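Chemist: Taking the hints into account, I'd like the entire structure generated from these sequences.
Listed in order, the protein sequences are those of chains A and B. The first sequence finishes on residue 453 if you use the numbering used here, and the numbering steps up by one all the way, no holes. The second sequence finishes on residue 1890 if you use the numbering used here, and the numbering steps up by one all the way, no holes.
Honestly, the hints are just simulated from the structure, not real lab data. As the structure is a computational prediction, the values presented were derived from the model and not from experiment. It is possible that some hints are incorrect.
Said to hold, decoys possible - Far from chain A, some chain B residues (derived; all Cβ distances over 12 angstroms):
{"#": "1", "residue": "Pro1616"}
{"#": "2", "residue": "Asp1758"}
{"#": "3", "residue": "Arg1807"}
{"#": "4", "residue": "Glu1824"}
As the list claims (entries may be wrong) - Just the calculated beta-carbon pair ranges, DEER-fashion:
{"#": "5", "chain 1": "B", "residue 1": "Glu1520", "chain 2": "A", "residue 2": "Glu306", "range": "34 to 44 angstroms"}
{"#": "6", "chain 1": "A", "residue 1": "Val363", "chain 2": "B", "residue 2": "Asp1427", "range": "25 to 35 angstroms"}
{"#": "7", "chain 1": "B", "residue 1": "Ala1882", "chain 2": "A", "residue 2": "Glu291", "range": "28 to 38 angstroms"}
{"#": "8", "chain 1": "B", "residue 1": "Arg1624", "chain 2": "A", "residue 2": "Asp275", "range": "48 to 58 angstroms"}
{"#": "9", "chain 1": "B", "residue 1": "Pro1446", "chain 2": "A", "residue 2": "Asp275", "range": "24 to 34 angstroms"}
{"#": "10", "chain 1": "B", "residue 1": "Asp1427", "chain 2": "A", "residue 2": "Glu291", "range": "16 to 26 angstroms"}
{"#": "11", "chain 1": "A", "residue 1": "Asp275", "chain 2": "B", "residue 2": "Glu1520", "range": "44 to 54 angstroms"}
{"#": "12", "chain 1": "A", "residue 1": "Ala295", "chain 2": "B", "residue 2": "Ala1882", "range": "43 to 53 angstroms"}
{"#": "13", "chain 1": "B", "residue 1": "Asp1787", "chain 2": "A", "residue 2": "Asp275", "range": "38 to 48 angstroms"}
{"#": "14", "chain 1": "A", "residue 1": "Ala337", "chain 2": "B", "residue 2": "Glu1856", "range": "22 to 32 angstroms"}
All C-beta atoms, glycine included, are put in the ideal place defined by N, C-alpha and C.
As a plain string of letters, each chain reads:
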Amino acid sequence: MEVFVDGESVEVEPGATALIATRLAGRTVATLCFDDRTAAFGACRVCLVAIEGAKAPVASCATPCREGMKISTRDERANRIAANVVELVLSELPSPPAPHTELAQVAEQLGIGQPRWTGATHPVDHDVSHPYLVLQRELCISCGRCVRVCDEVQGAFALTATGRGFNSTIAAGLNSGFAASTCVSCGACADTCPTDAITESFLFDIADQAGQGE
Amino acid sequence: MSHNLIEMLLRSESGEGPPSALASLKQAIEDHGEITDDDRRAAAARSGLPEATVYGISTYYDDFTQVRGDRHLRACTGTACWAARFDAQILELEEGLGLRVGQRSPDATLSLGEAVCLGMCHSAPAYRDGDTVDAGLGALQRLLNGSATEAFEPDWSSVLDRPVLTAAGTFNGLRRALAEMTPDSYLAEVKEANLRGRGGAGFPAGVKWEFARNSPGDQKFIVVNGDEGDPGSYIDKYLMERNPDLLIEGVALAGYAVGATHGLIYARSEYPRSAPALREAIARAHERGDLGDDIYASGFDFQITVEEGAGSYLAGEETALLNSLQGLRATVSVRPPFPAEKGYHELPTVINNVETLCNAPFIAEHGAQAYAGLSPGATPGTKLICLNERFVNPGVFEVRFATTLTEICHGLGGGLKDGHEIKALQIGGPLGGILPGDRLDTLLDFDELAAEGCMVGHGGIVAFDERTNMRELACHLLDFGARESCGKCFPCRIGLQRGLEMVQAPGDLDRDRLEELLETLEVASLCAHGAAMPAPIRSLIAHWPQELGV
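Modeler: Structure follows, in structure tokens:
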């Protein structure tokens, strides 16, 4: 199937999404909840693109390609609103994300510095019960990637989304600590986490010591 | 929606249907007032779901997150209750009980929670004591005295000589369809009738049915969205409780058209009488032969089961409803896949609102032309609307489309009580725009209301009188919006919280920032909740900028 990304012709498989098409065309549309090992989730809404004929920008990860579809990754409105969303995300964290994280990189890509929003942030809450993994819940942006890889990739079902609205976050098992859950220590959650909310213990220790040294 | 979790549910399913985690958790909290880890483990074992998944479910629904004493009271915090007393009743209740909302007394004999909304908007403010819903004059005192009584619900009425929706269901439409029409010819009739969905979006029901009919698969489902969560609306409550036969007939007709043999009705737990009324009516329909195997010797089999929710506004969104119906968290799923291809149990599913399906029997009995004739020159069929307590004659009314709001508010509603004036109307629920009181010449119909930034929505009409402060209304609406966000998509999860903080903070609003936020919500949100919560705020900006402080 032929589609056009910023005017460039791209051949995609049937069932491909607009996001896949942009990647095939070599574009780097920013995403936060996307993990190509799992089914489209459509939560972060950062992957906005314009489609010719559509009233408003759409989430490219959840938009199937149609023959001849014209996708623009350079649409001013799509990029502006994606940046607004990422700014909202930054505003829910009590401290800025570490520079190496996907969230920090997406923020940089979209040109967002300090968020203009003030207001509620997530309370600092660390689970260090697990020998290899640490959960820093204040950094969780509820993208669901950890929950989905634990379900769809690893099949361990140790994680869940919890709460609702702004208080949504994640938990392992019955929320009595990671160690008490059915976690098999595969590390897929830490690997996919875009903010280091779940990270490896030794990385957490290094960061923690560096933080104390400042 | 997780494919693996659905597989797990299906594998553990017994002959009697899915042992829902919601049902297990509900039993636990009703039994001992809170949900323990042992309860979660038991619910996981019974439902076949992982423990973590059950933990997530137990933290989502109002019915599970509010701890209960031996006696559990709930105050309705819906918009009609707000419009009646601007939440003064909540403070009086808290003071009288010596408990704040969300608290349980130290001896665990008493607890206070809240619910949005109890569907007693005609007699607001409303309260619930156990399963008794009391409302109106003296209700607060009765609650404090421990003598709550079932609230009186005004009778409904129709402006039509031969009512379509307020007259008891007869099953004549189902009889006629099964005797004289093929599924295809009945489906064609419904498409020709242009029956538009009454749940808010107005999508043509016949088109939806056709998608599901054409989806490959032997087993298909009709799901009834009875999660009438819109504060200020009690239309589906009346239909489910007063006219369940009409709904049952409509569901069976949809099943006939689509090729489904099983209907599922999702009723709200905020309406404690709805699920029992439906189950009783279904049992009677089986006895009469209106449901069951080989209905009227036509060869058509159809059965209906009723599931109850657990307290979540977002469960009324169709993909969230499917999740909730399967006992999971009521969060929204991306479309595609659409429910018509992959819905309940990942099989083709039609999801229709209660009132939508209640129109199906008329079309089967009298045909598309007669249906169009009900509202000449306007959207075909009739519409139920309901009015809040501010009106002299609050209640549910069946009207023709394109009736003026003046006729509705003054003709049927009798204007406001005690000489109050209509400052504004919110029509169709919390996602509907707000119409100034001087625009009552507007017609109640899809396009006409859209032109005013409003919508037909669910048909609930909440009048605000001249005492209402529009900045406080913005706080009320955004508080509802933020609290009921399912938390899945980022714009809604964070944006509604930021919007709420903005209007709650003292002083003028930064209009540019507010409009930027509204645009982000409108364009980027995953479902209509985040995308349409800006509509009433935009109305306030347009019509009451000074009061809003922009």
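Chemist: Could you tell me which of the numbered hints above are not met by this structure, giving the numbers in increasing order?
Modeler: 4, 9, 10, 12
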